[in-house]
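Engineer: Listed below, chain by chain, are the residues.
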Amino acid sequence: MPVTEYAGKSVDVNDEGFLVDSDQWTPEVAEAIATEVGIGPLGDKHWKVITFCREDAVQQGQPPGLRRISKLSGINMKELYQLFPKGPGKLAARVSGLPKPQGCI
Amino acid sequence: MKQLVILGAGTAGTAVANQLRRKMPAGWGIKIVDPEIEHLFQPDLIFVPFGMQEPARTLKPRRRTLTNGVDWVRQEVTAVDADRRQVVLADDGRLDYDLLVIASGSHIHPEETEGLMGEGWQRNVFDYYTLEGAAKLHRALEAFQGGRLVLNVVEMPIKCPVAPLEFLLLADAYFTKRRMRDRVELVYATPLDGAFTKPIASRLLGSLLEERGIRVETEFNAGEVDGAAGLLRSWDEREVPFDLLVTVPTHKGASFVEASGLGDELAFIPTDRSTLLATGHDDVFVLGDATNLPTSKAGSVAHFQSEVVVENVLRLAAGRSPVEGFDGHANCFIESGHGKAMLIDFNYEQEPLPGIYPWPVVGPFPLLAESRRNHWGKLAFRWIYWNVLLPGRRIPVPNQMSMAGKRVPAWAADQQLAA
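Those sequence lines, one after another, are chains C and U. Each number in my numbering corresponds to the 1-based position in the first sequence with 755 added. Each number in my numbering corresponds to the 1-based position in the second sequence with 5 added.
Some clues are possibly wrong.
[To be verified] In silico EDC-like cross-links for lysine to aspartate or glutamate, where the CA-CA straight-line distance does not exceed 20 Å:
1. C/845 / C/786
2. C/826 / U/116
3. U/28 / U/103
4. C/803 / C/834
5. C/833 / U/229
6. C/845 / U/224
7. C/841 / U/242
Just so you know, these hints were derived from the structure itself, not from any lab.
Can you build the whole structure from these sequences, using the hints too?
Structural biologist: This is the structure in structure tokens:
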């Protein structure tokens with residue numbers, strides 16, 4: 756399993772760059788991932804999404820899908836695509852230190 | 006008299022009602038609630054656009070699908086009041102229940118996508134998940150003189166996740182037969198990162214699409230449709246032009262689920278993956294498309310789940326605890342055109358693999374490979390559906406998925422081990 760260094764901290768990640776253990780996540784790790792994928796520095800709206808994703812994942816036992824984020828985080832779909840371009844569901848989960856959302860069966 | 010109430014008389018609800026009619030102990034009544042007077046055989050919807058099935062032949066009177074002794078309430082459900090153990094009906098009537106089975110399915114919501122129901126709706130933009138849509142699409146295909154046909158899946162989950170692939174493969178065969186395939190460009194715009202949701206099948210199905218000259222636009226999340234301009238736009242502002250758009254719109258659970266606060270953001274009901282009890286309830290089962298479970302929304306799943314729900318309803322009625330009987334088992338025929346079809350068989354843990362089904366060596370149905378036998382299997386399923394599955398008789402295939410007859414292809418063995 757690959758180990759990456761984010762913000763001076765060793766973090767276990769999978770092949771797609773998602774954190775293996777969401778307890779290894781810190782706000783600094785989020786900033787470092789954001790810089791790596793080209794969306795940093797993170798603004799207030801990014802943080803609103805990240806906070807929602809992390810809280811929802813604890814409650815639901817799985818990371819929220821894109822529709823759930825847009826419905827419940829207060830950030831609409833269009834903005835989500837501006838904040839986390841291309842794949843907001845996946846990217847928001849990655850920056851939030853959560854596994855890739857399953858959503859697609 | 007105690008009451009078992011079943012919401013929805015589609016594949017799942019009807020199968021449960023008819024099985025339980027014979028098995029329920031004395032002192033229980035069975036009510037099933039559904040406003041529609043006809044039962045639609047949904048697997049035939051894929052054939053209607055290509056003139057391979059008459060719209061009228063996909064329907065049967067509901068009354069004939071329900072066994073004597075099952076009390077059919079021809080009403081719309083507006084809410085479930087779980088605290089009072091009551092179902093609220095459109096005429097404000099209430100049904101008391103001791104056990105509730107929710108089998109209210111999933112339905113398309115084209116209004117969820119901006120512009121989808123605009124100027125182009127049913128002119129150059131069609132669905133085939135409703136009988137009306139499929140019949141209108143048939144006329145549009147007959148009149149189609151060539152150009153770019155785009156099939157777009159708006160978002161997951163959808164009913165029968167292989168249906169978009171079937172549509173494209175059948176379209177390839179249809180236009181080939183009409184000797185105009187060279188004038189038609191076929192494009193598949195999907196939110197997935199490949200042809201299908203599971204890796205090995207995705208790779209095998211992806212190469213089949215490529216062989217047939219079907220282009221796949223992956224990770225395409227449709228945000229807007231402009232029918233007049235013939236443009237499909239994604240949220241990240243990619244544009245796919247079309248002459249004919251075939252849309253698989255957003256799917257949602259029943260509106261009463263939303264109204265009762267029972268569902269998730271798409272009104273699918275959180276459900277225990279093994280017992281099929283609704284999460285947080287000990288007297289409500291959910292099955293078929295209505296659940297939020299990570300398995301296919303497909304008739305085969307409804308069938309396998311129906312046997313588990315029947316067993317668990319009987320256990321609860323006898324004061325026992327439910328079994329963890331459901332393993333996510335699904336199998337689906339995939340029509341691939343030219344009189345052939347493929348078959349996939351999988352569950353929560355095991356993705357679809359090549360091999361044969363249901364019995365090792367003798368099959369007779371090859372998995373993840375095209376064959377005429379699979380096509381005949383799919384057609385034979387019509388008869389099985391009306392005469393065995395809906396009446397609640399036993400279909401002689403194992404309820405849980407079996408690895409017998411399946412093999413991991415050499416090129417995928419490493420990934421499988423790693424997973």
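Engineer: Now tell me if each hint is right for this structure.
Structural biologist: Hint-by-hint comparison with the structure:
Annotation: proposed proximity of residue 845 of chain C to residue 786 of chain C holds, straight-line Cα distance about 16 Å (limit 20 Å). About 16 Å separates the Cα atoms of residue 826 of chain C and residue 116 of chain U, which keeps this hinted pair within 20 Å; it holds. In summary, the hint linking residue 28 of chain U to residue 103 of chain U is supported, as the alpha carbons are separated by about 17 Å, within the 20 Å threshold. Restraint check for residue 803 of chain C and residue 834 of chain C: the C-alpha separation of about 12 Å stays at or below 20 Å, so the hint holds.
Restraint check: the Cα-Cα separation between residue 833 of chain C and residue 229 of chain U comes to about 11 Å, which is no more than 20 Å; the hinted pair holds. For a cut-off of 20 Å, the pair hint linking residue 845 of chain C to residue 224 of chain U stands: about 11 Å separates their Cα positions. The suggested pairing of residue 841 of chain C with residue 242 of chain U holds, with an alpha-carbon distance near 9 Å, which does not exceed 20 Å.
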